[in-house]
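Now for the letters of each chain:
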Amino acid sequence: MLNIISANDYLVNSLKIRLLMRKQLLLIFLFVLGVGIAGAMAQEKIITGRVTSREDGKSVAGANIVVQGTTRGTTTDVDGNFKFAVDAADASLVISFIGYKTQTIAIGAQTYFDIALESEASQLQEVVVVGYGVQKKSDITGATANIKGEELLKQPVLTATQAIQGKVAGVQIISSGQPGTTPQIRVRGVGTAFSGTNTLYVVDGVLTDDISNINTADITDINILKDASAAAIYGSRGANGVVIITTRRGSSGKLKISYNNNIGFRQAANLVRMANTAEYSNYVQDATGNPPNVPGITGNTNWYKTILRNALEQSHNISISGGGDKTTYLFNIGYLDDQGIVIDNEFKRFTIRLNNDYQITDYLKLGFQSSYSNSSNQNGFGNIDIDTYGNIGSVYNDTYRAAPVIPSIVDGKYGNTSSFQNVGNPLLDIKDNSVKVLESRLQEYSYLEVKPKEWIKLKSGFGVDWRNSLNRAYYYQFSNDNNTFVTAGGNQYNLRSNLGVKNAQSYHWVWDNTATITKKIGKNDFTFLAGMTAEKFSLTWFSASRKDIAADPNLWYIGVGDANSSQNDGGGDRWTRNSYLARLNYSYDGKYLLTASIRADGSSRLPVQNRWQNYPSVGLAWILSNEGFMDNQRIFDFLKLRVSYGKVGNDQIPTNAYSVNVTPNTAYAFNGSASPATNGSQIRVVVDPNITWETTTEKDAAVEFNALNSKLSGEINYYDKTVGNLLANIPVYATTPDIDHLIIRNIGSVQNKGIELSLNWKNKINDQLSYTVGGNVTFNKNKVVALNGGQAIPGGGIGAAQGFTTLTDNGQAIGSFHVLKVLGVFNSDADAAAYKDVSGTMIQPTAHEGDFKYFDANGDGKIDDNDRVFAGSYQPVAYYGGNVSFNYATEKKGSWDFSLSIYGNAGNKVYNGKKGVRISGTDNVERDLVYSRWTHANNTQSQPAANVGNLPGSTYFVEPGSFIRINNVTVGYTFPSVKMKLRVYITSQNLFTYKKYSGFTAELPGDPLNSGIELSSYPTTRTVALGVNVSF
Amino acid sequence: MKRTSLLVKPLIALAIISFAFSCSSSFLEVPLQGGITTSNDPALAQKLVTGVYSSLLQGDSWGNGDVHGFAFLSVTNIISDDADKGSTPSDQAVPVGDIDNFTLTSTNKFCETLWSGHFFSIGMANQALAQLSIATIDTTLRSQLIGEVRFIRGYLYFNMVRMFGGVPLVLRVPKDATDANTDYFIVRATASDVYAAIGQDLQYATNHLPLKSKSAVGHATKGAAQTLLAKVNMYQGKWDQVLALTNEVIASGQYQLVPDYSTIWRQAGDNSKESIFEIEMGSFNNDNLDIDNYTVCQGVRVGGKGGWDDLGWGFNNPTTDLANVYEIGDLRKNSTIIFIDNSGAHKGTMLWDGFRIPSSDSVQNLRYNYKAYTSRTKEQFANIGDKNRPKNIHILRYADVLLMNAEAALHLGGDVATPLNSVRQRAGLLPKANPTQDDIWQERRVELAMEHDRFWDLVRQGRAAQVMIASGKINFVAGKHELLPVPNSQILLSGNKITQNPNY
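Residue numbers (my numbering), protein chains in the order written: chain A, 78 to 1109; chain B, 747 to 1250.
It is worth saying that the hints were derived from the structure and are not from the lab.
All of these numbers come straight from a predicted model, not from anything done at the bench.
Hints are all accurate, no fakes.
Subject to a maximum C-alpha distance of 20 Å in a straight line, what follows is the list of computed DMTMM-like cross-link-like pairs (lysine to aspartate or glutamate):
no., chain 1, residue 1, chain 2, residue 2
1, B, Lys921, A, Asp817
2, B, Lys1243, A, Asp886
3, B, Lys1226, A, Asp937
Listed below are several chain B residues computed to face chain A (Cβ distance under 8 Å; list not exhaustive):
no., residue
4, Gly780
5, Ile782
6, Ser801
7, Met870
8, Val919
9, Gly1028
10, Gly1053
11, Trp1054
12, Gln1126
Backbone N, C-alpha and C fix where the C-beta goes; we use that ideal spot for every residue, glycine too.
The following block holds chain A by itself, in its conformation from the complex:
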């Protein structure tokens, strides 16, 4: 090391500067934090070094370095580096880490140590969080998956969930790419018919369904409980899978500082090319016999170019951690700024985390993990209550339909699309309002742990989640006159400006009390857990609005507006849950494993007669590789068979689902406009007073193995899960006095059966070059097996002439597309007239040449809704992920890392709803359609002739949804330095997608009955970013 410095003056200087900076930073933070770490500065001799894994050369984070015979020591940082002071008398170091053989090294005169640890039995010794406790990964009898924090940090994504995509078999992540949104997770298929599909996230013990407040850099570990036996400990919360997130802690030893950032830009990844003015005019002429009659100036507008941009994205994180003998601390500050690719859209988030632990005495420990986040979402789409004001929600659909012949904006005046009998001007849709959502969120979990004896641990933990959101929507005043538009007219106007605000505050607490007993009697290992939990959620909100407030943002306060236009509203929600749980883990001789658990759940959301439910589970495993008869084989290092059975539930229904309530303020003006209206009420809901828990029963069997000196590892899983008492919002007859004609009921059951495979190979080619290759695939089949009363549920209503587009029926996947079947296109009017049924009735009497020929499925001589057929589902037959990584490490020239991951879906269908809601002849068409449409010269049977839209829902709109995508590519370089670690990298998210679907994306989140329909979705984005990781 000294040689390096003397050989390079530049490096010396820069190191000096860094050291200086570091000391200043250190002092500042010492002052700020008031954390006493005096020992770190008193030193006799400083030793440094790096701990790696012998197997693959990768650094080992968190390894313990202790001076033999003392408690003095440290742990390695994320890059395996360590540095601490030793006394002259210290003889040797003991280096240990779970899963590796412990090493002892003499100190002598050496100051730098390059330590390669020998793997003990691979990562299986790792301890993972399994809910109310931890377990060795090899001892788990259910289906779980684990992802490390550093995996997540590689990707420039907003939420950690998105970074999991493609990494775990059985876990489908559907992400819209829209700033500020949480992706949807489907664990092993669609397990409910209701919109309560939210996965349970357990963030350091706090239960939530939204982790958009969690800084990805704070996460050390994510564990996903996939099957019912693993999730049963969360009972009624486990039906949609459980994602346990553990945030980083400090570790005893020297203070560590790290800084991570990435800065990049995003752009629309796949755009649909729309017709330009010439193409559009040609099409319209053919469809209507007349060219488009454009009022005023004719433009040639690419509307997508008008509203989209290359957006800047950046995130920065500073982390300070460390600890002494009795305390550890971690302090983290993060800032993220994500401009949307749609103009005026921006999401910003600031996060602070403080995680501290205190070992008060040898039997008493307490600590807390707390995080505060503050976010602002400007003109975000899909934000709560935004569509009440302005037209932002319709921007995408309007952009798709807007006619190119209308200019977007000319000399500050907007092209008047609506006076051209077209949609509203999409640019004005964005510019005519300003919507901002501010959210503050404090999440905190504190615990007290008492260990009166070595074998018993009592823990009481209290988690809170405090959220405060403030929405502000201002809607500008403008009329459809010549001041706003190039030509006056149309129905895009807002005659009075409007300001709406909404404030919502929620408070959610969870209190856990558990006792854990661990005993080893001979070859028998027992761990017994018992406990209770209680939780309560309360929400209060109010909103207000006034009109006639000037456009100056400094005036955007309710008090400024016209009091005679005041409106306000408010409400609240409250629910509670109470649970008792117990779990036994038993293992005999490390070969035979048993896990049994039970949770009794009570929920205020269910009627009193159905309030309590029990969720049992049992899992068995046999570690064959620990048997004597396996000693002589050299293939498997580890081999485990496991089977499990478990039950979980779901109560994600509104709190008022089973009670009849009165709707006030349904007024009537008995005296017309002469005097204000009289207040009235309506009872406009009909409920099922006997609704009960949705219950998932799952069987799971798997083989897990490590083979060929742990170079190959893998897992094969079979599962069969049946969701009974499926809760769904089912349609009822219009004769029912219910405002939306939907009632929440338990309607039947649905089954998901599937197989998951995952394989990983890691090896090194030589001392410098190592690599890994991995992949996973999940095959899932979803089927509705029993609908009570057999009443099928239509869904996916998209309006226009399309009506509903999905039907959930026995024997079909949930939300299967149900539409008319297109047989082809009529080549002539005579052709159309000749299309008759057996009795000689013309089946499509109003059809002409170039129109679609539909299949008369029921043979009644006419085409109507009764001729709809099933046309596939949004649920993929298979989804898969793969990854490759290389690491080229040298001592002196630094190291290079490269990784690439792919993700794909196969066999799913997409409904091209945006194409289907072309409700007016003035709406634009896709460029491709202009050229491929049916004509006498081009009488292919795949596209209809030019038309004015309003086509019925048919297989024409159902397209293959299979896709494969390069999810992430990262190339990084780590500078050769031991004092600090410096890595720079370039990464790209969603670099390239190969898909058959003609629209933007086949990845479409939605609730179970209405998914896979592309109607007005946010264009998917591609990101390229540069980043730096620094730590010392």
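We have chain A already, so just place chain B on it with the hints.
Same frame as chain A, but now just chain B:
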């Protein structure tokens, strides 16, 4: 000892906590926040009656339900020979164009929302009746409130039977979701059963409601119940009933024709001496309280050269056929139709409040419904910025009573001329000495033009096919298009237990 206590204390604490929670089952007993129930609002029954009236304002034509919105307008006016769809040719070609041209199918959204909107209102009436039967209120007040609700239910079923023929006859609230799936709520009753139920509702209302002079403004009255019952009887050809009831209304002295026909559809004409029953609109919560889109969809629409801030979407245009059917000098013509200046003189059209509509090169269509015009300058609105503004709908008025009286007299041999001529006189026309049936029907058409009566009246008269085809609506099929299709969504939901109307 010390160690033991360390273990025992937390365990005891844990046990106590657990015990506390398990014992207090009240922890899980969380009252619905903000939830008004039948037990915590003593004035609920009366409020529900207002809620029934309120449900008549449904105008969510593309969504949940329509009673008096754009869909109602489409199947009463636009469907007839009095009005065309209007706006631009492609605008709302589906579903409104299909109604205008009789190319509609069972998936027509407006037919669906009319079905669901009416049944929702009927459901609100049934809910109110259920609560009224158990409410602790004065018995006279109770029967009057029941009378009001049954009047409205009768009116709704009268619309339903005229639109769809026989419909499920739902006269009670389902006990729960299971009950709502029983045949009572699914299977269609015959049209005559529906008419019988309407008769019972209106008879009750007639017996228990006070006269208009004894009643609060805007509420259903004895006169309203009698008038509606007369009309219901007219649709069934029970002319003696029609005559008796209309005579009683005339003799009650509660009503008279207002002198100026054109004022009836202005705020000044709301709840006038001529008014028998109106759908009332006004203001609530600092905003307009009206029917979604009812006036804006009929407003004068900018077109051609543009250049002005228009009044609406331009639907429901009076036809040339209607314009030509007025006798010369009929004052009603220019009170019913806004004629757009197409003379080339570019003078525009001056409306009653002084507002000038530009001439035809800046307007989309040539005729608009004057009876849906609201004045920004001469009328009062809570929110004038909204182009859709309150406008009372005149469901029953005295002129209708006189014309029904005349038609009944013609059938039964009585004084036809007096009632008919009082209507003609106000319109500035000469009396007819010996009016014929055609005279009465002609008078009904022009007197009630654009008032949601014409199409049903033609079906009643048995000449819908003849008149429709003559007016150029060549798709009209006799025996089919007199009724609307039953929504296919309902038929599908019922597994074909609900039957479709003939030939759809």
